[in-house]
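Trainee: The residues making up each chain are set out below.
2 protein chains.
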Amino acid sequence: MNLKVIAFDADDTLWVNEPYFRETEEKFYAMFQDYLPVHTVARELFRTEIENLTLYGYGIKGFILSMIETAIRISDKKIPVEVVEKIINYGKDLLEKPVELIDGVEEVLKELQGRYKLVCATKGDLLDQHRKLHKSGLGHYFHHIEIMSDKKEIDYQKLIKRLDIKPEEFLMIGNSLKSDALPVVNIGGHAIHVPFHITWEHERIEGNIEHPNFRQAATIRHVIELL
Amino acid sequence: MNLKVIAFDADDTLWVNEPYFRETEEKFYAMFQDYLPVHTVARELFRTEIENLTLYGYGIKGFILSMIETAIRISDKKIPVEVVEKIINYGKDLLEKPVELIDGVEEVLKELQGRYKLVCATKGDLLDQHRKLHKSGLGHYFHHIEIMSDKKEIDYQKLIKRLDIKPEEFLMIGNSLKSDALPVVNIGGHAIHVPFHITWEHERIEGNIEHPNFRQAATIRHVIELL
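Residue numbers (my numbering), protein chains in the order written: chain H, 1 to 227; chain X, 1 to 227.
One or more hints might be untrue.
Copies of the same chain look alike in the list, so a pair counts if it fits in one copy or across any two.
[To be verified] Straight-line C-alpha distance at most 25 Å; calculated DMTMM-like pairs for lysine to aspartate or glutamate:
1) Lys158 / Asp76
2) Lys27 / Glu107
3) Lys92 / Glu82
4) Lys4 / Glu26
5) Lys166 / Glu85
6) Lys97 / Glu23
7) Lys178 / Glu82
8) Lys110 / Glu210
9) Lys158 / Asp103
10) Lys135 / Glu153
11) Lys92 / Glu168
12) Lys135 / Glu51
13) Lys78 / Glu106
14) Lys135 / Glu96
15) Lys92 / Glu169
16) Lys152 / Glu96
17) Lys117 / Glu225
18) Lys135 / Glu169
19) Lys4 / Glu146
20) Lys77 / Glu51
21) Lys117 / Glu96
22) Lys97 / Asp155
23) Lys117 / Asp93
24) Lys92 / Glu44
25) Lys161 / Glu146
26) Lys158 / Glu106
Derived by calculation from the structure, the hints in this document are not laboratory data.
Computed from a predicted model, the values in this text were never measured in an experiment.
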């Protein structure tokens with residue numbers, strides 16, 4: 001590999017994210033526990049999120065709006081407005097969660113800094129991701145943060161063009177096979193998948209990736225051995 | 001001026017935006033017309049928006065959430081959940097508005113393209129601004145779009161560092177004295193203010209800017225004469 005830029009996904013690659021979403025979802029399901037089974041509420045929430053994705057994009061604000069919309073629909077407009085107030089507060093709590101670094105991240109960044117241009121490439125709400133990077137204390141390791149509205153092939157092509165490098169000089173490291181690995185190797189870049197113990201349903205793919213530019217690392221620390 | 005990069009603000013500089021927000025606000029006020037004066041509802045909505053700005057940032061999703069929060073508070077939790085549903089739909093309508101270019105924009109971009117690196121530098125929701133740039137048909141004039149979580153001095157300093165230029169090689173063109181002009185001239189860049197007929201209260205400043213790097217253009221077409 002003749003790399004110039006290494007991009008790190010943020011949520012569940014640099015810091016813990018999905019468990020906080022799960023926690024909020026559990027609180028959401030609990031509000032309907034007396035009259036709807038959890039799997040129904042979960043299915044309806046997921047449906048709303050996916051339907052709204054092209055309009056809202058990724059991130060917590062869209063998630064809050066989708067929870068409110070789901071609550072109104074599944075209750076047949078019978079919930080009191082206090083439920084909506086609660087959901088807004090759950091969302092605000094989520095936006096104020098502390099940033100918990102994943103073990104080994106800082107050592108890896110320290111090791112790679114100076115050898116490569118490091119960028120942080122993530123989806124999500126703009127301000128929220130800026131705030132998390134700031135709170136994480138990792139900001140100085142990165143040349144800059146790229147908040148991407150999606151992580152499809154076209155989005156990586158734009159990113160690589162902007163970085164003024166060739167695809168084969170680009171490596172993406174992240175926890176999502178679907179968003180961090182597959183589109184990158186498909187356009188000629190390199191990818192290392194570092195799994196996280198839970199993954200949002202929308203980020204999952206069936207099967208594994210077999211590609212010469214694709215590697216698997218057990219933890220973020222193992223990335224170093226693959227470079 | 002020895003410029004390398006010209007950045008254009010998007011909302012109310014390239015295309016119409018604020019009038020659509022005003023339209024939505026009018027619909028919001030109308031929902032309370034039987035029991036609250038418009039100026040009270042307006043004041044309360046603005047208060048909520050400003051309070052939520054550090055958490056939600058700029059853009060339509062935060063605006064929808066602030067309308068919902070305001071409706072719940074000013075009604076003393078007495079509104080039916082149908083009102084919340086309406087607000088969500090107003091917000092979705094706002095996200096789907098057509099993009100109406102401001103007169104003269106395309107001629108100016110055509111004229112400047114090739115002579116300078118042009119970027120689009122705007123606040124707002126990530127996906128929403130990407131979509132508007134796409135819908136506008138102006139995407140090919142710009143090297144890239146920068147969605148900024150804020151437009152303070154520090155944000156422009158980061159942008160200029162990323163562009164790898166000196167502040168004096170940077171010109172910002174936009175309709176907000178507060179966000180597009182003042183912070184830019186304060187850090188040594190150039191700014192041209194092109195007024196739009198309505199401006200959000202939060203974007204207004206008292207008085208005028210007196211600075212050798214600051215110019216005023218009556219319309220976007222007049223920018224050319226100032227370069």
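Trainee: State the violated hints by number, sorted upward, taking the hints as numbered earlier in the document.
Mentor: 1, 2, 4, 5, 7, 8, 9, 11, 13, 15, 18, 21, 23
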